[in-house]
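Novice: Residues per chain, in single letters:
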Amino acid sequence: MSSPGKHGDPGAEKLEAHVRAHFEALRRVSAVPSFDSVMMQVEAERAHSKRKRAEHTRAKGTNAGIPAINPGLRVSGLRACALAAGLLVVLIVLGTDGGAPPSESEVTRLARLPAGVSVSEGTLLAELGGTTRWRAPSDYWPVAPADLDVLGMPVLGTGATDGIEETARWL
Amino acid sequence: MKGGFGAQSDKFNGAAMIEDGLDNNPGVSREALAALHEGAFGWALSLTGGRTNAAEDVMQQAYLSIVDGTARFDGHASLKTWLYAVIRNAARHQLRRERLERLWIARFGTPDAAAEPEEPTRGGDDSVAVRVRRAIRQLPRRQRDLLELVIDAEFTIEQAASVLGISLGTARTHYHRAKQSVRRRLEENDE
Numbered sequence: 575m576s577s578p579g580k581h582g583d584p585g586a587e588k589l590e591a592h593v594r595a596h597f598e599a600l601r602r603v604s605a606v607p608s609f610d611s612v613m614m615q616v617e618a619e620r621a622h623s624k625r626k627r628a629e630h631t632r633a634k635g636t637n638a639g640i641p642a643i644n645p646g647l648r649v650s651g652l653r654a655c656a657l658a659a660g661l662l663v664v665l666i667v668l669g670t671d672g673g674a675p676p677s678e679s680e681v682t683r684l685a686r687l688p689a690g691v692s693v694s695e696g697t698l699l700a701e702l703g704g705t706t707r708w709r710a711p712s713d714y715w716p717v718a719p720a721d722l723d724v725l726g727m728p729v730l731g732t733g734a735t736d737g738i739e740e741t742a743r744w745l
Numbered sequence: 044m045k046g047g048f049g050a051q052s053d054k055f056n057g058a059a060m061i062e063d064g065l066d067n068n069p070g071v072s073r074e075a076l077a078a079l080h081e082g083a084f085g086w087a088l089s090l091t092g093g094r095t096n097a098a099e100d101v102m103q104q105a106y107l108s109i110v111d112g113t114a115r116f117d118g119h120a121s122l123k124t125w126l127y128a129v130i131r132n133a134a135r136h137q138l139r140r141e142r143l144e145r146l147w148i149a150r151f152g153t154p155d156a157a158a159e160p161e162e163p164t165r166g167g168d169d170s171v172a173v174r175v176r177r178a179i180r181q182l183p184r185r186q187r188d189l190l191e192l193v194i195d196a197e198f199t200i201e202q203a204a205s206v207l208g209i210s211l212g213t214a215r216t217h218y219h220r221a222k223q224s225v226r227r228r229l230e231e232n233d234e
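First to last, the protein sequences are chains A and B.
Take 575 as the starting number for the first sequence in the numbering used here and just add one per residue.
Take 44 as the starting number for the second sequence in the numbering used here and just add one per residue.
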């Protein structure tokens, strides 16, 4: 036990006395609850918590009143949420792969545009009524290339000339 | 301060198992706690700014953690040191909860309800006691705690450091500063 003022410093001893008196006064003003009364509250709190835990366990066991079909497969609510979240993440990751719009060269290939016909020209021509010859490039947005089925579409010959005017002759 | 729950023997992780020890804390008896209760309550009162209701809640939480074994006495420190540390932890949780409640009320409740609870005032004259109270209140929290633990609760500085969870060097420094600060303020008022 330390005696901070034991080295004969009257100032230090006086200080200690003041500090001690301060904290004693603090305790005097507030009524100290008896140890037994506090412990009674503690025991009551414990009993209450125990009852709540028992009720919760019972409720969990019957799945809120519905008997579990196969207790072995029962999954707690928290685990179910975690599983669902994980599945969602996996689906999003898989789904985003290839979800980006195809590049212009890809569209050109898939739409089987004649050589020299750009996507924008092809779009224009499609709008002018050329869709029977090839798929309109706008058909490919925003659908992923992998989802498109362009098999069976007539492949236009390689005799396409440059420029939109020449291409128009294909129609 | 927590100890593991080892095999039953005459020792419980260093603390002697006593005949009337608590079920979940064999090294602690109700009688020992009762003997320390008054001083411990004063400590809780100090930690909660003199608010009796808050101090009672803190004591209840501290004893609850002792009785259900959440806080386990392992015998490495004295029972008193350990008890005061448990109370300090309980007070921290209590104060954090109160702060969150006040923030919640400030956001969603009435402005008056969000006001910080005032410390109860005692006395109005300029007596020495009032000056000492003012001087101690102006101290930083840690210095105030150290003064109380060493001078009022009669812990050594090392034990007080253990209660507060700080190093011995830090405790010594803050204790020394606290005494100097209070002394200086009292001497200023005397002039």
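Among these hints, one or two may not hold up.
Unchecked claim - Computed beta-carbon distance windows for the label pairs:
id: 1; chain 1: A; residue 1: Ala633; chain 2: B; residue 2: Gly212; range: 51 to 59 angstroms
id: 2; chain 1: A; residue 1: Glu619; chain 2: B; residue 2: Arg150; range: 58 to 66 angstroms
id: 3; chain 1: A; residue 1: Ala618; chain 2: B; residue 2: Glu231; range: 25 to 33 angstroms
Said to hold, decoys possible - Stretches of chain B that chain A covers, calculated by requiring three or more beta carbons in the stretch to come under 8 angstroms of a beta carbon on chain A:
id: 4; segment: 126–137
id: 5; segment: 183–197
What the hints assert, rightly or not - Here are the simulated lysine to aspartate or glutamate pairs, EDC-like style, with alpha carbons at most 20 angstroms apart:
id: 6; chain 1: B; residue 1: Lys123; chain 2: A; residue 2: Glu680
id: 7; chain 1: A; residue 1: Lys624; chain 2: B; residue 2: Glu197
id: 8; chain 1: B; residue 1: Lys123; chain 2: B; residue 2: Glu201
id: 9; chain 1: A; residue 1: Lys588; chain 2: A; residue 2: Glu598
id: 10; chain 1: A; residue 1: Lys588; chain 2: B; residue 2: Asp111
id: 11; chain 1: B; residue 1: Lys123; chain 2: A; residue 2: Glu619
id: 12; chain 1: B; residue 1: Lys123; chain 2: B; residue 2: Glu74
id: 13; chain 1: B; residue 1: Lys123; chain 2: B; residue 2: Glu141
id: 14; chain 1: A; residue 1: Lys588; chain 2: B; residue 2: Glu197
id: 15; chain 1: B; residue 1: Lys123; chain 2: B; residue 2: Glu197
id: 16; chain 1: A; residue 1: Lys588; chain 2: B; residue 2: Glu81
id: 17; chain 1: A; residue 1: Lys624; chain 2: B; residue 2: Asp111
id: 18; chain 1: B; residue 1: Lys123; chain 2: B; residue 2: Glu81
id: 19; chain 1: A; residue 1: Lys626; chain 2: B; residue 2: Glu197
Source of the hints: derived by calculation from the structure; they are not laboratory data.
No experiment lies behind these values; they were computed from the predicted model shown.
Every residue gets a Cβ at the ideal spot worked out from N, C-alpha and C, and that includes glycine.
Novice: Hints the structure violates: just list their numbers, smallest first.
Specialist: 2, 3, 4, 6, 7, 10, 11, 13, 16, 19
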